[in-house]
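Chains X and A are the protein sequences, given in the same order. Throughout the first sequence, residue numbering follows our numbering, covering 1 to 250 in sequence. Throughout the second sequence, residue numbering follows our numbering, covering 1001 to 1251 in sequence.
Calculated directly from the structure, the hints in this document are not laboratory data. A portion of the hints provided could be inaccurate.
Cross-link-like lysine to any residue pairs, in silico, SDA-like; alpha carbons within 20 Å at most [as the list claims (entries may be wrong)]:
| id | chain 1 | residue 1 | chain 2 | residue 2 |
| --- | --- | --- | --- | --- |
| 1 | A | K1089 | X | E148 |
| 2 | A | K1083 | A | G1073 |
| 3 | A | K1118 | X | G247 |
| 4 | A | K1088 | X | E148 |
| 5 | A | K1103 | X | P143 |
| 6 | A | K1103 | X | F170 |
| 7 | A | K1140 | X | G247 |
| 8 | A | K1118 | X | E144 |
| 9 | A | K1115 | X | K41 |
| 10 | A | K1118 | X | P143 |
| 11 | A | K1103 | A | V1124 |
| 12 | A | K1115 | X | F166 |
| 13 | X | K41 | X | L228 |
| 14 | A | K1089 | A | Q1074 |
| 15 | A | K1083 | X | E144 |
| 16 | A | K1088 | A | K1140 |
Only some residues are given here: those of chain X computed to face chain A with a beta carbon under 7 Å [what the hints assert, rightly or not]:
| id | residue |
| --- | --- |
| 17 | A149 |
| 18 | M155 |
| 19 | V164 |
| 20 | P246 |
Using N, Cα and C, we set each Cβ at its ideal position, and we do this for glycine too.
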Amino acid sequence: MNAFQQFFFDLSADHPRWNFIFFYDPVQTDRVLTGLWVTVKLSVTCVILSVVIGLIGAWLQGARSRLVRSLVQGYIQFFRNTPPLIQLLFFYFALGQFTPTYSPDGWLEIPIISNVGWAIISLSFFAGAFNVEIFRAGIEAIPESTREAAESLGMSRLQTFTNVVFPLAFRVSLPALNNNLVNLVKTTTQALAIAVPELLYQMVSIYNDYSTAQYACMVVLFLVYIVLVGILVMAMNSWERAARIPGYGQ
Amino acid sequence: MSTDNWTPDQPLVSLREVHKSFGDLEVLKGISLDVMKGEVICIIGPSGSGKSTLIRCINALNPINSGSILVEGQEVHDPALNKLELRKKVGMVFQQYNLFPHKTALQNVMMAPLKVLKQPREEVEKRSLELMARVNLQGKEDSYPGELSGGQQQRVAIARSLAMNPDVMLFDEVTAALDPETVKEVLTVIRDLAQSGMTCILVTHEMGFAREVADHIYFTDRGVIVEHGPPATFFTEARDPRTQEFLSQIL
């Protein structure tokens, strides 16, 4: 044991309620690191997918077809107005029943979408519903007169959107998007309910095995999420700064 | 109806009995006027008389209810109209400049030729730099609209329209949002443009300027052309009482 491990080992001996077991027991350290890695992968994947869903949804909301617009609206209402935890449970347990399975050894039946897969799908669609609304608000903030100027220069609707409306709308959307992505990263902990081995799941497993580690696990959970979300917020803020237009909106 | 039949001795822009309503409100009640190539016309009149609507109809930003608008012989009021073809011929400058705020002045000027006409970048850049010089904005190429004064922004907007090489320019109260000192710099640019032979249709409240540059002045009130004539006679020999009243308030 090195000095660091020794310190926490002694701490747990002197104060049994503060057993930071993962700082001196390599097996538990592995569980925490695995959980952290799954959380990071889950967060990054869901952030990217939810932004893509948001963009596609905002684009479809401007569609001519009423059917398409009401489908997007229905999607938003469903995912925005129901709790993400119930969405996760529903996707995994209800929809999971109907997904095809494959059998690598001719005996076990493994569904093609794993619990991690369902977590990615349901969390991305959950955050994506908010992103659609965020991008739509950004698009609506661009004055009609700016659009008219582009059209009077001969630009088509698509050219006007890609060259003028979207670059401006995206900047307007960034602060709200920032908020929603922070929420999404925190919501990934709910994947615990369908046994996705992310950080909270690992921590709960650890303190189920070692009940003296409960407080220590919670403290570390707080710290990890403060750091993780802090990194996301810093990245988003520097993106906002980089996208700032001199003399515009100040 | 097609462009093929049009010859330069015919009006470049020709309006016949144009009617336009917004809901129950009829803003244009049968407007007819002709603009020849190289001519500069000014449309004046009290607020709400339909002046802006009138020129917005000419480049199909607003549809009309009935009548006919021909630009180089092509009917604008035609559902099958190719708006791109129309807008290549008709440039428009707005009261509020409407520049693209996320692009520099030069990028604003270059955008349409690059994206719409798909011209090669080098050529577009060379021409855009010339246009920036023409509107007296050398050195401001890399400034963003938010860093420019109203008068400078409006001159970028004029250069942006000219970059499409239009045959006729529409100016919709382009100095109305400017403070008096910067009005002059914009009017200087428009005067040069008019004197270089560009066909111009201006909606304006600048009577002194209208008198100086216009070949023909139209006075509109409540959706009709009340009176029109060359500036020499229009300002001194107005016959209609409405024109007289308007002019007495303004001059």
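Evaluated hints:
no.	hint	verdict
1	K1089(A) / E148(X)	holds (16 Å)
2	K1083(A) / G1073(A)	holds (14 Å)
3	K1118(A) / G247(X)	violated (30 Å)
4	K1088(A) / E148(X)	holds (15 Å)
5	K1103(A) / P143(X)	holds (16 Å)
6	K1103(A) / F170(X)	holds (14 Å)
7	K1140(A) / G247(X)	holds (14 Å)
8	K1118(A) / E144(X)	violated (25 Å)
9	K1115(A) / K41(X)	violated (39 Å)
10	K1118(A) / P143(X)	violated (26 Å)
11	K1103(A) / V1124(A)	holds (16 Å)
12	K1115(A) / F166(X)	holds (15 Å)
13	K41(X) / L228(X)	holds (12 Å)
14	K1089(A) / Q1074(A)	holds (11 Å)
15	K1083(A) / E144(X)	holds (18 Å)
16	K1088(A) / K1140(A)	violated (26 Å)
17	A149	holds (4 Å)
18	M155	holds (6 Å)
19	V164	holds (5 Å)
20	P246	holds (5 Å)
Violated hints, in rising order: 3, 8, 9, 10, 16; the structure is consistent with all others.
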